[in-house]
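For this one, chain A is given, so just place chain B on it according to the hints.
Chain residues, written in single-letter form:
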Amino acid sequence: MTAVERLLLKQEIEEFLYSEADLLDQRKFRDWLDLLAEDLVYFMPIRRNVKFGQHDEKENTRQGEGISWFDEDKWTLTKRVEQVLTGVHYAEEPLSRVTHMVSNVRLLDVTPEQVTVGCRFLVYQNRVEYENYTFIGRRTDILRRNGDSWLIARRELILEQNVLLAKNLSIFF
Amino acid sequence: MSTTLPIDQMIDTQRGTISREIFVSPEFHAAELEKLFTRAWLFVGHESQIPKPGDFFVSRMGQESVILCRDSRGAVHVFLNSCRHRGMKICRYEQGNTSLFVCPYHSWSYTTDGKLQGVPLYRSLYEGVLNREDWSLIEVPRLACYKGTVWASWDAEAPDFLTYLGGAVDHLDQVLDCRDGRPGGSEVIGVHKWILPTNWKFAAENFLGDTYHNPSHRSVDMIGIGPSGEKGQRRDNEYNKGQHVWVGFPQGHGMHSVWMPEQQEYQPGYAQYPEVDEYFRHCFEERKRRQGDKARLMPFTGNLFPNTSYHGRQPRGLCVWHPHSPTETEAWRFFLVDADAPAAVKDVLRRFYMRYSGPAGMTEQDDMENWLYATQSSMGTIARRYPFNYQASMGAYKTNDPIPGDVSLQITDQTPRNYYRVYSRYLKGDGWDSLLGRDLQPIQRAAE
Numbered sequence: 001m002t003a004v005e006r007l008l009l010k011q012e013i014e015e016f017l018y019s020e021a022d023l024l025d026q027r028k029f030r031d032w033l034d035l036l037a038e039d040l041v042y043f044m045p046i047r048r049n050v051k052f053g054q055h056d057e058k059e060n061t062r063q064g065e066g067i068s069w070f071d072e073d074k075w076t077l078t079k080r081v082e083q084v085l086t087g088v089h090y091a092e093e094p095l096s097r098v099t100h101m102v103s104n105v106r107l108l109d110v111t112p113e114q115v116t117v118g119c120r121f122l123v124y125q126n127r128v129e130y131e132n133y134t135f136i137g138r139r140t141d142i143l144r145r146n147g148d149s150w151l152i153a154r155r156e157l158i159l160e161q162n163v164l165l166a167k168n169l170s171i172f173f
Numbered sequence: 001m002s003t004t005l006p007i008d009q010m011i012d013t014q015r016g017t018i019s020r021e022i023f024v025s026p027e028f029h030a031a032e033l034e035k036l037f038t039r040a041w042l043f044v045g046h047e048s049q050i051p052k053p054g055d056f057f058v059s060r061m062g063q064e065s066v067i068l069c070r071d072s073r074g075a076v077h078v079f080l081n082s083c084r085h086r087g088m089k090i091c092r093y094e095q096g097n098t099s100l101f102v103c104p105y106h107s108w109s110y111t112t113d114g115k116l117q118g119v120p121l122y123r124s125l126y127e128g129v130l131n132r133e134d135w136s137l138i139e140v141p142r143l144a145c146y147k148g149t150v151w152a153s154w155d156a157e158a159p160d161f162l163t164y165l166g167g168a169v170d171h172l173d174q175v176l177d178c179r180d181g182r183p184g185g186s187e188v189i190g191v192h193k194w195i196l197p198t199n200w201k202f203a204a205e206n207f208l209g210d211t212y213h214n215p216s217h218r219s220v221d222m223i224g225i226g227p228s229g230e231k232g233q234r235r236d237n238e239y240n241k242g243q244h245v246w247v248g249f250p251q252g253h254g255m256h257s258v259w260m261p262e263q264q265e266y267q268p269g270y271a272q273y274p275e276v277d278e279y280f281r282h283c284f285e286e287r288k289r290r291q292g293d294k295a296r297l298m299p300f301t302g303n304l305f306p307n308t309s310y311h312g313r314q315p316r317g318l319c320v321w322h323p324h325s326p327t328e329t330e331a332w333r334f335f336l337v338d339a340d341a342p343a344a345v346k347d348v349l350r351r352f353y354m355r356y357s358g359p360a361g362m363t364e365q366d367d368m369e370n371w372l373y374a375t376q377s378s379m380g381t382i383a384r385r386y387p388f389n390y391q392a393s394m395g396a397y398k399t400n401d402p403i404p405g406d407v408s409l410q411i412t413d414q415t416p417r418n419y420y421r422v423y424s425r426y427l428k429g430d431g432w433d434s435l436l437g438r439d440l441q442p443i444q445r446a447a448e
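From first to last, the protein sequence lines stand for chains A and B.
Each residue of the first sequence is one higher than the one before, counting from 1 in the numbering used here.
Each residue of the second sequence is one higher than the one before, counting from 1 in the numbering used here.
For reference, chain A alone in the conformation it holds in the complex (with noise of 0.2 angstroms):
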């Protein structure tokens, strides 16, 4: 691949990631489950406050063991987006006002098929009235080739917090 190449690819996965963002921004969550794989790993781990030195061991959960904030498939991202389309989920009725900032792209791996994408993310949630939530922190996607677009294959976020400083994780990431 030439600079060149890498350079468009860069920018094309760019603007993938924002107009993914963009429609969960609007709540569009139906298209966004159509950019997601059938075989999608959809993964927040709980970060742990470890000794110096057991970080890569310890500190975060691991996908496919245990409790996490999220390991999941595609079905139950399903199910997510039908209980807030059911107009009766209380926690997303009315709904809350969500934007996604994503930054700091980086294509980590790119094969024919697939792009690993490293990035930053900072979903900002207002809720009702006075509810505010800042949810930051890393994420690594895995993208594989559709055509002339992309599906999401792995999802990867780290969340910069111990204790949930939040009520909900009733938003997507």
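These are computed hints drawn from the structure, not numbers from a lab.
Every value quoted in this text rests on a predicted model; they were computed, and no experiment measured them.
One should not assume that every hint holds.
What the hints assert, rightly or not - One-sided and incomplete, this derived list gives chain B residues near chain A with beta-carbon spacing under 10 angstroms:
id, residue
1, K193
2, F335
3, A360
Claimed, not checked - Listed next, the stretches of chain B that the computed footprint assigns to chain A, with coverage defined by at least 3 CB atoms under 8 angstroms from CB atoms of chain A:
id, region
4, 108 to 122
5, 195 to 208
6, 222 to 228
7, 350 to 357
8, 364 to 377
As the list claims (entries may be wrong) - Cross-link-like lysine-lysine pairs, in silico, DSS-like; alpha carbons within 27 angstroms at most:
id, chain 1, residue 1, chain 2, residue 2
9, B, K231, A, K79
10, A, K58, B, K193
11, A, K51, B, K115
12, B, K346, A, K58
13, A, K79, B, K346
14, B, K231, A, K74
Think of the CB as a built atom: it goes at the ideal place given N, C-alpha and C, for glycine as much as any other residue.
Leaving out everything else, chain B in the frame of chain A:
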């Protein structure tokens, strides 16, 4: 101890009214910390979290950080997480293994059985004055390990844990025992910790058997997230042939359980996972064989006085509501599975727990919303003049029929009325006979 709080006017369990003050006022919050959380038995953790000598897990009791620790000889301790010298938190890791807790501030160090060992410059600064044995970590005077769970009380005079539980133990057993009826055998597979801007008692009450709030979970019932994935319910309906019971005990515990028919048969579930269904069918038959008539009791939710709630089956875990302030609570949920369950079963369960429970749980998110706004809209001057209503099913219960305790066969506020009667006794500083409800003769006999 006496109190100036007008407790009897605020908590009228005869009439079924309770003042909003107890959910929002700093005075009640202070009285709870002083008179309730210093005496009641509180859940601290699970032995599966500290299997080896030197293992520790940092937990909470009310507002305070404590260390659950297994010492080098294997004995379990609970210590206040604060250096005896100048108060620094001696352990800020959540869990791990150590031979010594070394305070970051002035480097006093403590062994895993709480003894003060290292005092820098001891000879030149403290010789002849400081007696190390007098400055051990502050340890709970009362500790109980029950089927893997660890409980503690700051009151040396507290009755033993099983007396405190009374008849509620039969219901707690349904949470802690193996699904096939062997005693104990559970393990913690993860802990959720989160902050919610609500009074802690809203959460405790919810688990006392407030089945009345079911409509607030309509959205998750509509879509269906149970292990069978069927629309119309959020978990498998394994109790459809049973008699639902709402049970209160004189020590303040209350729960919603189910009394199954004598000739109960396995209700298939986990339709998406045939091998898990097969496992639970086997467990069901084994449990029936082992426990006989006792196997008719099945758990839904419960709250062990004051702040330890449980879900008994789908999902399964213990949840502790730690007060931060009158209007803020830190919730910790400990998820349980049978330690020796097959890996495929554990995997299905943990996935269900995550989508059901806690801040990311599709069911409990709606609870959090309710508790937040119930707290917030009770803070106003005018709002505080109007009490909450606890009049559901007034008097509609029988004692020790068909199972021990005050048993209602319909949705009821009897369990919270009972809970707040006991709560007010703590706030008045009553003795243990009163706190255990020993004056309440009929249920007393069944409970002990």
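Quiz prompt | Violating hint indices (sorted, rising) | solution = Of the numbered hints, just 4 does not hold.
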